Amino acid sequence: MVDTEPPDPTAAEHDPGSLKRLRTVPRTVVHLWRLLPNRPLLLSSSGLAVLMSLSGVAGAHFIRGLVDAAIARDAGAALGAGLLLGGITGLESLLGWSERRLFGRFSERAMADIRARCGQRLVSVSPAFHVDKHTSDHVSRLTNDMAAVQELASENLRSLVRQPLAAVGALAYLGHLDWQLTVLVFCLMPVLLAVGERFSRPISSQSRAFYETLSAAAQVAQDSISGVEVIRIFGAENLMARRYRREVDESVRSARALARSLAVLWATSGAMALLPYLVVFGIGGYRVVQGVMTAGSLLAFVELLNLVAWPTSEFPNLIGRIRRNLAAAARVFEVMDLPTERAGGIMAGSSAGGLSEVAINCSGLEFSYPGRQNPVLSGLSFEVRRGETVALVGPSGCGKSTVLKLLLGFYDCPAGELRVLGTHVVHWDLTDLRRQIAYVQQVPYLFPGTIRDNLLCGREAVSDEHMVAAARAVGVHDFVLSLPDGYETEVGELGARLSAGQRQRMAIARALLKDATVLLLDEATSNLDAESERSLLEGLRELLHDRTCLIVAHRLSGLRTASRFLVMDNGTVVESGTHKELLDRAGLYARLYREQSHPLPAPGGGSS
Amino acid sequence: MPGCTGSRATPYPPRGVGPRERQLPSTRIAQDPQPSRRAARHLREGRCGGARPKGSALGPGCLRGSMGWAGLKKLTRLMGKLFPLWALAVLFATLCELVLKLAVAHLVKGLLDATSSSDVPLLRQTLWQFGGLLAFAATLLPLSNYWVARIGHDISGHIRKTVHEHIQKLPLRSFRGSHGGEFISWLTNDVAEAEKAYLSLMGNLAKGAVVAVGAIVYMTVLEWRMAGFVVITALLSAWVTMRYTSQVHRISATVQERLAALTTVLRDLLTGLAEIKAYNLEKRVLNKYTAAVREVLTPALARVDRQASFSAASTFMSYGTLVGTLGVASWLAIGGQVSIGVTVACVELRNPVVQLFTSGGYTLMSLGASLAAVDRLASVLNVPQEDHELTRPLAGVADKDQYAPADQIIMEDVHFQYDCEGPAVLAGLSLTVRNGEVAALVGPSGAGKTTVFRLLMGFYEPQRGSIMVFGRPLVSWSLEELRSMIALVPQEASLFPGTVAENIAFGKPGATMPEIVAAAKTANAHHIIAGWECGYETLVGEGGSQISGGQGQLIAMARAVIKDAPILLMDEPTSALDTVTEALVKDALQRVTANRTTLVIAHRLSTIEEADRILVVEAGRVVEEGKHAELLSRAGGRYRKLHADSFWGLGGRSVVSCETVLPR
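Protein chains in written order, with this note's numbering: chain P, 1 to 608; chain L, 1001 to 1664.
FYI, nobody ran anything at the bench for these hints, they're computed from the structure. Just to be clear, a hint being listed does not mean it is correct.
Below 20 Å or equal to it, Euclidean Cα-Cα: the simulated SDA-like pairs (lysine to any residue) are [what the hints assert, rightly or not]:
{"no.": "1", "chain 1": "L", "residue 1": "Lys-1283", "chain 2": "P", "residue 2": "Ala-263"}
{"no.": "2", "chain 1": "L", "residue 1": "Lys-1283", "chain 2": "P", "residue 2": "Gly-270"}
{"no.": "3", "chain 1": "L", "residue 1": "Lys-1288", "chain 2": "L", "residue 2": "Asp-1268"}
{"no.": "4", "chain 1": "L", "residue 1": "Lys-1288", "chain 2": "P", "residue 2": "Gly-492"}
{"no.": "5", "chain 1": "L", "residue 1": "Lys-1196", "chain 2": "P", "residue 2": "Ser-261"}
{"no.": "6", "chain 1": "L", "residue 1": "Lys-1196", "chain 2": "L", "residue 2": "Leu-1364"}
{"no.": "7", "chain 1": "L", "residue 1": "Lys-1288", "chain 2": "P", "residue 2": "Met-336"}
{"no.": "8", "chain 1": "L", "residue 1": "Lys-1288", "chain 2": "P", "residue 2": "Arg-121"}
{"no.": "9", "chain 1": "L", "residue 1": "Lys-1207", "chain 2": "P", "residue 2": "Arg-121"}
Just so you know, these numbers come straight off a predicted model, no measurement behind them.
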């Protein structure tokens, strides 16, 4: 299982041994290439880029002709060159138009494809991954990192193809115009690049420092806002203002440092950008005076220099951007590489266990969460027969909910045996296993959609009477009817009007409507008050008929309907029996019961 | 871009802000300037019966409204004393830019004229001038830019401090709902947005306009027909650009909307995965997701088409202008009316003119968004502060001796609601607390217990009824005096980043170490703190994870103790505690409450059995009052019912199971 932290791209920069990252770059590229559909689009747009490079050269050639004709006062030649230039202008626009369209189509389709693949992968991953942190991490990968991939697939990749092509074409013509001047100018290039690189080096670390100081200031502001009552009552407004001022001053200081470096960079890059022109005009001017070169050639030279010099000087930046894009792409591709749940296995019909009288059978079960040392379950054994309602109780952290998650096949291959309806969980076909089980979590998730959608969960065959009966049983029917749209009310629109308790009730109704053999309730009534919990669970018993029910609950008062209690501690069952038996034994159960009951004896006995 | 590092810029993202915005605080364009403006308005006029806004002038026109002189005036006011310096810097930068652009054209003209007429001395002279220009570009130009940036950052710091200081003095009402998140957004996103105006946009606009005018003037001097041609073509390309950019913007908005919808579907998919699996709904959900992906693709492809046409049109325009300029110039040159140098100079000068017209519109648009942020910041500063809006006497009237003679808190028939439309929180609540007494408020959540505290602390004013503190109406105390008489242990410890000692000293600025230790001892926190490796220098907050909720509560108690105020308010001091810490807190309570008037809100009734008096609050009023034993023996009483309920544990409040924490 991939349960390691996603590599932090910023951390990797500090890491001297970032070799590992470097090695992932080619792998990402391969991944990218294999993923990209519509490669013909990419290839044909690259072909157009070659043509555009040629037309750029042709344009410069005709400019030269026009200027030379003008200086020679040759109206005929000037007219010819002018018309050709006009034609090139049209051609260039046309080529640009088709190239953009093709490339744009390619990149948008590729994005849609990557998005779809990520979604596909994410639904087939085990829910064990999706703990809160991972949820926001994945969302961030599919939004922020995806935006970087988009940048790569649209602009940067295009520039990577176009710029060298344009530069090569232009370079060839420059050599043709005046190879000595060309060589001279291009000897300058590496110098310029090196200087630019030297002066831009401190900028990334300085801008990071700037953002960090800003973030520190925002942190103080956040503290002073969320702690406002405490600050006011202790009269600490000035103290907080002082702290904030200190952080802001720090951020201003680092902003100034950054601005200073940027100014130096501008100074050098400004001068550097002018230098080639100075050289070309100076030397070229003398050569024109000497008659080695025509004025038109000089102008064409300058024009083409624009085409070459700018992309060349931009190239390191482009590579830097692409490298960052690839890092983001790698994070997106990690999502696509998440291990999926296993497919296939024994189906309910083919399983001999379908006849088993034992609904759940667990023996010697060992389990610890991936990447964690301490075991959650150590040698857990118990048995639940069909039609039984069994309560799983014990102190927080003893592994109750883990058992339910293992039953659902959310985690892989626990050591020991865990059988559902006679078949080991690891042998079940997961879809079919889950068909046998209805499950309610402590904080249930309601899908966006109507209340009806949520109750039926895709089972269109359920009749309205059935649905209403279930809603009645859990005590939400009246509430639903009080809504203007009744069962057609959108859950999302209810927002805060739907209390946590009502959410839990709905989730239980949903589970009841799922015609499953086994019902698992994981603290499913924790948001109800003691009284409602008790009556809900009691009412449930009638509805369950012959279904098997395993209830995890914290409050013991609601569980009186359970036919048996399994008391867990440190990952094993330490006691089991009925409420009365366990109380008589005076063990852990009795202690828990006493703790929850008050030190004082209950007056009037709300409990019994 | 540095935006990536900005991901850590807002560790507490404002509520409702998606990760995209969170990631790039500086690039968040105020797509919808309305909500915050509305919030600001709400802050101003939120008091019941307050003045209604004069017409809803906050429609789409507000952007335009803030664009005009009013917006600029607000900006200059925000800049404060730094404005003249900034204006000077921008002027200097503009002049430098003008000199550079015109000089380049002039020198290119000289070079070409020299070469075409084989005038070697002129050539040499021009080359020297070119070298001089190089030196200029390398020194003065960056210097001027640096100057603008430096002053700009100073201005941002100034604005941040001003707004923060103002927020610190806003009435507590402003902090309700999502406004807390908006405050952060003002200090981060809005300042980042506003600073674009004075850091770059206004400077760019000034430079663009001045250089373009200079270029046109210079061209007219050189050859007026060329100038005319250039201006006409520049206008034409500006028109094309405007047309297409508005179209692309509209489609981009659709793309963004659908991307947001896609993110919602994704988030639902991820948060509901356990249920999706349990109910075998993978296919349905995936279909919905792929449909959302396709929804994005359609406008995205439309945008590609628009962009392609735009790029074709703009290529045509820019090439066309170049070819046209050369053509016109050649025609004039053949007629002998113009030199080749003038031609090329005009080609060179055409650039700033075209640029002003093509990117000027976009700059103006960004400036609009930026000034909208300025507007929001300015309207925040217009929200009246706490002291100004309440009719309070000045501080310093009373000293501590005056507290003694009158010895109680009296609330009589107090009515209160947070919002005009909201439900009544207190409905005729009356209570009396005697000097030195420990009174407990109990009752179901939402009954109004915490609100009683807030009114006592002067965070809100009741709509009806009277509150007396130490024999004087609460409103006759200045807020400073009132709050100096009260210490608070809030429901959540709300400690601040810093050392434990700093956090305790928070209750008494300038407290000495012995005082801090004594307070910690009284609050039973000393031996816990002393047991830590760094003792009182242990860091709280970031990386201070070793401090549990209960330990934080003890520190919060020490903080209240050190303040040594005659009134102590404790809000659920034991709600989040494990049994060990609860015992410590209960033990400390006895010492802490000695010689003080104490009001305790408690959920765990075991905490307050020894209270002098228990007040049962329900639906905004006190329904029962008496000692623990008394109330328990009252048949059918509310307290007795509450007690029976809580008998069954914690009411589901602090149930934390190990399974909520899964592997990282």
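Do the hints match the structure? See the list:
no. : hint                        : result
1   : Lys-1283(L) <-> Ala-263(P)  : 56 Å, violated
2   : Lys-1283(L) <-> Gly-270(P)  : 57 Å, violated
3   : Lys-1288(L) <-> Asp-1268(L) : 11 Å, holds
4   : Lys-1288(L) <-> Gly-492(P)  : 17 Å, holds
5   : Lys-1196(L) <-> Ser-261(P)  : 19 Å, holds
6   : Lys-1196(L) <-> Leu-1364(L) : 12 Å, holds
7   : Lys-1288(L) <-> Met-336(P)  : 19 Å, holds
8   : Lys-1288(L) <-> Arg-121(P)  : 14 Å, holds
9   : Lys-1207(L) <-> Arg-121(P)  : 52 Å, violated
When held up to the earlier numbered hints, the structure conflicts with 1, 2 and 9 and fits the remainder.
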